[in-house]
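From first to last, the protein sequence lines stand for chains A and B.
Under our numbering, the first residue of the first sequence carries the number 1, and numbering increases by one thereafter.
Under our numbering, the first residue of the second sequence carries the number 1, and numbering increases by one thereafter.
Worth flagging that the hints you see were computed from the coordinates, not collected in a lab.
Listing some non-contacts, in silico: residues in chain A with all C-beta distances to chain B over 12 Å:
id : residue
1  : Glu161
2  : Gly162
3  : Ala182
These stretches of chain B come out as covered by chain A in the derived footprint (C-beta under 8 Å, 3 or more residues):
id : segment
4  : 16 to 23
5  : 330 to 336
6  : 382 to 392
Keep in mind that this is a model prediction, so the values were computed, not measured.
A virtual CB, placed ideally from N, CA and C, is assigned to each residue, including glycine.
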Amino acid sequence: MARNSDLADLAASILAAGSDDRDGTGLDTAAWKACAGAGLTSLTDPDTGGTLDDAAVLLEVAGADAARLPLAETDLLAGWLGRAAGLAAPDGPLAAVVTDATGGDRPAGTAGGTVTGSGGTTGTVSAALTRVPWGRSLAAVVVLDGDRVLVLDTGAAAVTEGANLAEEPRDGLTLDGVTPLATGSAPAGAAAELTLRAALARSLLLAGAARGALARSVAYAGERTQFGRPIGRFQAVQQMLAEAGAEVAAASAASAAATSTARRAGFAAPETAFAVAAAKARCSEAATAVARIAHQVHGAIGFTREHALRLVTTRLWAWRDEDGDEAFWNDRVGAAALDAGADGLWPLVTGRP
Amino acid sequence: MRPVAATSTPAAALPELVPDPVELPAGLADLRAEVRSFLDDERGAARWTPRADVWLSGWDESFSRRLGERGWLGMTIPTEYGGHGRTALERYVVTEELLAAGAPVAAHWIADRQIGPSLLRHGTEEQRRAFLPGIARGEVYFGIGMSEPDSGSDLASVRTRATRVDGGWRLSGTKVWTSGAHHAHAFFALVRTEPRDDAHRHAGLSQFLVELDSPGVEIRPIPLLTGAHHFNEVRFDDVFIPDARVFGELGNGWAQVTGELAFERSGPERFLSTYPLLASLVGELAGAGRADAGTRRRVGSLVSRLWTLRAMSLAVAGALESGRAPELAAALVKDLGTRYENEIVDAARLLVDIPPDPGAESGFARLLADAVLHAPGFTLRGGTNEVLRGIVARGMGLR
Ligand SMILES: Cc1cc2nc3c(=O)[nH]c(=O)nc-3n(C[C@H](O)[C@H](O)[C@H](O)COP(=O)(O)OP(=O)(O)OC[C@H]3O[C@@H](n4cnc5c(N)ncnc54)[C@H](O)[C@@H]3O)c2cc1C
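So that you can see chain B by itself, here it is in the shape it has in the complex:
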């Protein structure tokens, strides 16, 4: 065996894993206070009950409209499209307050998070005017039509096909796991517009803006393991899509979808799904005076991790705000954040002797039950952790 000499440090050669830290401007404290007092009023009036994983399951259209009235949806959309021309960091503050409170944000979530920004970047003027004002009012809801029965992690293998016809396209195929399709007005479908070329698997994909009440669209529920109706199978049987609903550039679907994913992956929802359970856990422990050293340390570790994840996620938001798409950092935050969401579930199970109760109206037992039953989804949705790590490995130059 020949010893390897100490080489000069390669530390500088690593790509940026996390963007520069962001300090929220002091002025945002007022906005935060406004959101908190609104949420206090809502809870006081029992308009909803805090729940875990609200951005998946808390569908409440009237709540979304109330947020719209306050100007807290479509915040980064320019005013000419009904938005509010505010910064990504202002939106971040509103979003994290809603999630921490366990407020029912599912109805507008996808539209506000990624469809709005996508429409601004790739949409036609007519498409923007048709959809953005309704999104900002909390009245127009969207889904995401990416996955298919045989295309999950390997998204480039989608088989739904669009064929050119007079004045538009005809779609045939099946999408699955489509969150909220049974309530949503429209979704973006990723489809093949050119035959698959094995040498260029990402070429020949396009996105269409499909209104879900179009003739030939069939939406069938796929119940979650809890029995709840959240996601769906969406079938296209020769569905006509007019040229005006082609989204972005034909053949550019892969790049568009990847751009959307940067917004989809880095947000605070990737570590706050189980935050209401953590708060409830702290409440139980503080109330019971059960603060032995081991418990304090475990809670402390969860809170240190939360604080760190928030710093990382803010850094990514800051980079997005300045026009960059930090794909590597977004993947890292999502991997770490979604595993963290599971850690809260385990700590809550083990630190407090209250069994999960899916029948409870509210409180720790109900939050724990919801969190346990929803946990499998955390590390799947938006791209699985294994696939994200592949992205990280590529970013670090390993593949």
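The shape of chain A in the complex, shown without the other chains:
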């Protein structure tokens, strides 16, 4: 993947600006409009000419800048699911929900719920959806319910507000007897692909947030003085930051390698399932170390609400568990390794049997 640095610069210029309400919990409306205007909210839509690699660049920047935007949810998840089912979704922020009836081995803590009713062109449905990202701000939610896909207008939904550790909305949505905006049939393997797409997107966001936390810590270590010199001159502090640097590099390399595997082999390929699992597990592990070190380096000031460090560290804590924590994904990697056995392990790791 040749990293698209123009795109990274564009994204950074939009996202670093933030909105007045940067410390709030809601959507960053101004940034959303700017992103939508620049085509950044639908990068993986083949019609817009973007690629998964472009989306990866954007998500890393969004993670580093703690952007309050459902970019992954709208583009990589709901956008993909709608397109794959041949359905149009309205413009605006979207989220995908896989209902409990769909089954499959899904990580805890992701959006779920139930849908009843026939849907179709005439019928109505009722839905009780939980932990929907940015539920209160969505234009629509794209629901995978068994082998059907429904696009539901969330305008009429009763919202139970909830949030993750980073105060990002994770809401309950209740819809009663509504007519879906569109209904279609789900492509084979949709639930499994959504799980992988979400984990990959989250890995990229984590890698970005980790980089953001490190960058803030390095900058702070250069400014904060104790004992007559910047704390960054103390070897103990340098060693901590170097360790964080290694974790950030690992998260970045893992999420980038999983992205290129997915682009090359597609999400249905076993090597993509392996690469994404390994990447999300590694990024979640890195999150713990980087957040710990970032707070240690910042001292008490970083533990305050006023300080911006929390914008990235609370995301590291929230995202390391969302879309599957390291236990969930390492379990899959471990199972694959044990299935491969002593002789099959190396081919599994190199992706070249």
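For this one, chain A is given, so just place chain B with the ligand on it according to the hints.
Leaving out everything else, chain B with the ligand in the frame of chain A:
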């Protein structure tokens, strides 16, 4: 206490910690398959037994020659010097396959990894012709003469001195920890050619290409804690080095050595020393059907880390291939990789109830014993982790 306002993000100000990812060209799958089938044949014929830390301890000259015959040594050396003009990524594939198999690569390791590239960059035409073809055939072996009794992490403090004489130089001093000096044909010695200047500690150092059978060179074994003879003390007692064996530019030794270290630090050997033990661990667990969730997760974490380290190391190899020397990224990979090698040892100890057995011929008990006894070296050789972190801190602008 005055709260600090949220500043605009400094994320863009961080230096590059890891280069862009590398996807191996599909064509390399054939090369990989060839190497795998060669290694299968070798194991089938019991020509060697897989071991941990083979690039340190697996000295087998006939194996090195067999690799040479296949064209798998000196791969990146141009054909006019007996090499094969192949890419760094092709070499990477061959190298990682050899290490993963636990094959005995120590004899040619240093020559192939760093002496070849160094000779190409800094050597004279005569030096290249004298040494490169033998390196590519797997017949000429090298050591590294950097460390001294009082110079380890602080390498610029070396005291071995070279004094100008007619037609060359005279060397006096002592090198230590010289891997393989008792088998090697030659090494690169880092020495002082100018008196030390405390304001410019890295100035006045030069490298010499010392043939180890030169009169006045004395090589004495320093046994490892296992008793094995791996490294040595190398003493120079007024050793004559002809002008033709000055390596690179006089006074440029520090820059040359640092360049070598980029090759030395970033390779797959920095996380694969204990790979044969990991494979054996997986074999034991799969065979015993002992795959409870905790075990699966621990194994999974080791494998996720391995996969990630490989992606990082490939990225560094890709950058080296395109002519860059990503010193910061190489240091990060080595720090993370060598700590990871130790994690495998601990997992293997705790997940399987087979005690280490240094007397076993092969198998898990032997691999574990070798790995435990070799583990202290992982985080020392090639520059200690603490010193590497100093390099990282400097790269991030902290010193
Ligand atoms: C298996 C093996 C093979 C080797 N092969 C070779 C070889 O072929 N050729 C060769 O030239 N050398 C070789 N070496 C030597 C190796 O490069 C040195 O061991 C290494 O550079 C450390 O130097 P030292 O052992 O003198 O430790 P010291 O430099 O004395 O360090 C001791 C401890 O102090 C720490 N320390 C020192 N300075 C600092 C600092 N500024 N900040 C923080 N911590 C510090 C170190 O990290 C370490 O933990 C080999 C070593 C091993 C273990």
